[in-house]
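**Student:** Guided by the hints, dock chain E onto chain L, whose structure is given.
Protein chains: 2
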Amino acid sequence: MRSSTMRCFTIFTLLLLLSQGHAASHKLLSSPFSTALETLQKQLGYTFKSIDLLRRAMTHASFSEENNKAFAILGAAVIETSVSFHLLSKDVDISPKELNRRLSQVSSVDSSCAVDGTRLGLQKIVRVSPKTNSSTPAVVCGAFRAIFAAISIDTGKSDDAGNVFWNLHGGDLGSAVAL
Amino acid sequence: MRSSTMRCFTIFTLLLLLSQGHAASHKLLSSPFSTALETLQKQLGYTFKSIDLLRRAMTHASFSEENNKAFAILGAAVIETSVSFHLLSKDVDISPKELNRRLSQVSSVDSSCAVDGTRLGLQKIVRVSPKTNSSTPAVVCGAFRAIFAAISIDTGKSDDAGNVFWNLHGGDLGSAVAL
Numbered sequence: 217m218r219s220s221t222m223r224c225f226t227i228f229t230l231l232l233l234l235s236q237g238h239a240a241s242h243k244l245l246s247s248p249f250s251t252a253l254e255t256l257q258k259q260l261g262y263t264f265k266s267i268d269l270l271r272r273a274m275t276h277a278s279f280s281e282e283n284n285k286a287f288a289i290l291g292a293a294v295i296e297t298s299v300s301f302h303l304l305s306k307d308v309d310i311s312p313k314e315l316n317r318r319l320s321q322v323s324s325v326d327s328s329c330a331v332d333g334t335r336l337g338l339q340k341i342v343r344v345s346p347k348t349n350s351s352t353p354a355v356v357c358g359a360f361r362a363i364f365a366a367i368s369i370d371t372g373k374s375d376d377a378g379n380v381f382w383n384l385h386g387g388d389l390g391s392a393v394a395l
Numbered sequence: 217m218r219s220s221t222m223r224c225f226t227i228f229t230l231l232l233l234l235s236q237g238h239a240a241s242h243k244l245l246s247s248p249f250s251t252a253l254e255t256l257q258k259q260l261g262y263t264f265k266s267i268d269l270l271r272r273a274m275t276h277a278s279f280s281e282e283n284n285k286a287f288a289i290l291g292a293a294v295i296e297t298s299v300s301f302h303l304l305s306k307d308v309d310i311s312p313k314e315l316n317r318r319l320s321q322v323s324s325v326d327s328s329c330a331v332d333g334t335r336l337g338l339q340k341i342v343r344v345s346p347k348t349n350s351s352t353p354a355v356v357c358g359a360f361r362a363i364f365a366a367i368s369i370d371t372g373k374s375d376d377a378g379n380v381f382w383n384l385h386g387g388d389l390g391s392a393v394a395l
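For the record, the sequence lines run as chains L and E.
Going by the working numbering, the first residue of the first sequence is number 217, and it counts up by one from there.
Going by the working numbering, the first residue of the second sequence is number 217, and it counts up by one from there.
If we strip away everything but chain L, and leave its shape as in the complex, we get (with noise of 0.2 angstroms):
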């Protein structure tokens, strides 16, 4: 009998703490902050297998060590590929005075890359520190290129995240940039 009370009760502990664990990552789940990366993997049309990946994305050098700085470089190579794989594939005999000023248009900070974030609505997903403020370029556009960052390791391929910033930006790069 005792040691039937013994095992009820280890069993009712077990069953306790597995719920709370549940609604530990329920909770983790449902904050604002997730539920924004849920949606922005939706505006992107890629779903992360390592959603850290999105998360450090989404994170200024501001509000943590952990952050998109290192990944905005990879990002920011990434979309030169793209933009000039795409541009010369099109057109082999493109000049390379015309492909630089369309790079130099796409590399823009104010111009193109922070548009293509605000658009996004990054200056509402990114955590920044409270003395920070997140709508501005350099803070949009940085999250904006780490986005490719993360795309490129989660799937292995940095070509992967070519495609996604390609069709984000509209494929037709000059009206995009005219946006």
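Keep in mind the hints are simulated off the structure, nothing from the lab.
One thing to keep in mind: the hints can contain errors.
[Stated by the list, open to error] Keeping only pairs whose Cα atoms sit at most 25 angstroms apart, straight-line, the calculated PhoX-like set for lysine-lysine is:
no. : chain 1 : residue 1 : chain 2 : residue 2
1   : E       : Lys-373   : L       : Lys-306
2   : L       : Lys-373   : E       : Lys-373
3   : E       : Lys-313   : L       : Lys-347
4   : E       : Lys-285   : E       : Lys-265
5   : E       : Lys-347   : L       : Lys-313
6   : E       : Lys-306   : L       : Lys-265
7   : E       : Lys-285   : L       : Lys-306
8   : L       : Lys-285   : L       : Lys-258
9   : L       : Lys-265   : L       : Lys-373
[Claimed, not checked] Computed footprint of chain E on chain L; a stretch qualifies when at least three of its residues, placed anywhere within it, have a C-beta under 8 angstroms from a C-beta of chain E:
no. : region
10  : 295 to 301
11  : 314 to 325
Glycine residues also receive a C-beta, built at the ideal position from the N, C-alpha and C atoms.
**Tutor:** Relative to chain L, chain E alone:
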């Protein structure tokens, strides 16, 4: 009898034309430039579907209007993407400072790009005008970078080109740069 002679003459003429065509294509295949492209493909560990892309990558602006200048722009982006992708995949916590340091190393015309290109013997392959010295770092580097644009366009995937670069560069970036 006359018709038979005519037929015989026609067949002879056709055979002559065919053999000349064969000789011409054979001559093209066995030119020193074409032989060098064959050897280069073996060194790269990559065989082109469209050899014209490698042909263009090995053509300096001083030699022809159809040259490698725009290819070199895409190639430089492919290299930057490949290096930062590999470094971040190996260590997701790499500092932006360290990542930028490695990228500067690999993008430097004198210390890395021209070293890799010269090791491949590109200074002996790249076509330049008689007045141009094909051994200068800028010429070798442009040709080296252009290779990765040519592979990207040939396969439709810049990751394939990035992997060829990574293999050529030795995998361990630190030691390759020190060569």
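**Student:** Would the pair E/Lys-285 and E/Lys-265 pass a check requiring their Cα atoms to be no farther apart than 25 angstroms?
**Tutor:** holds (21 angstroms)
**Student:** Quickly compare the C-alpha distance for L/Lys-285 and L/Lys-258 to 25 angstroms and report which way the hint goes.
**Tutor:** Holds, at about 24 angstroms.
**Student:** Is the straight-line distance between the alpha-carbon of E/Lys-373 and that of L/Lys-306 25 angstroms or less?
**Tutor:** OK: E/Lys-373 and L/Lys-306 at ~14 angstroms, within 25 angstroms.
**Student:** Given the hint that E/Lys-313 pairs with L/Lys-347, test it: the Cα-Cα distance must not exceed 25 angstroms.
**Tutor:** holds (24 angstroms)
**Student:** For the region 295 to 301 of chain L, count the residues whose Cβ lies under 8 angstroms from any Cβ of chain E; is that count three or more?
**Tutor:** holds (count 5)
**Student:** Straight-line Cα separation of L/Lys-265 and L/Lys-373 no greater than 25 angstroms?
**Tutor:** holds (13 angstroms)
**Student:** Given as covered by chain E, does the region 314 to 325 of chain L meet the bar of three residues or more with CB within less than 8 angstroms?
**Tutor:** holds (count 3)
**Student:** Check the hint pairing E/Lys-347 with L/Lys-313 against an upper bound of 25 angstroms on the C-alpha distance.
**Tutor:** holds (24 angstroms)
**Student:** Holds or violated: E/Lys-285 with L/Lys-306, Cα cutoff 25 angstroms?
**Tutor:** Since the Cα atoms of E/Lys-285 and L/Lys-306 sit roughly 16 angstroms apart, the hinted pair holds (cutoff 25 angstroms).
**Student:** Regarding the pair E/Lys-306 and L/Lys-265, is the alpha-carbon distance no greater than 25 angstroms?
**Tutor:** Answer holds: E/Lys-306 to L/Lys-265 is near 18 angstroms, not above 25 angstroms.
**Student:** Next pair to validate is L/Lys-373 with E/Lys-373; report whether the Cα-Cα distance is within 25 angstroms.
**Tutor:** Given that 25 angstroms is the threshold and the Cα spacing comes to 10 angstroms, the pair holds.
This entry satisfies every hint, going by the numbered hints stated previously.
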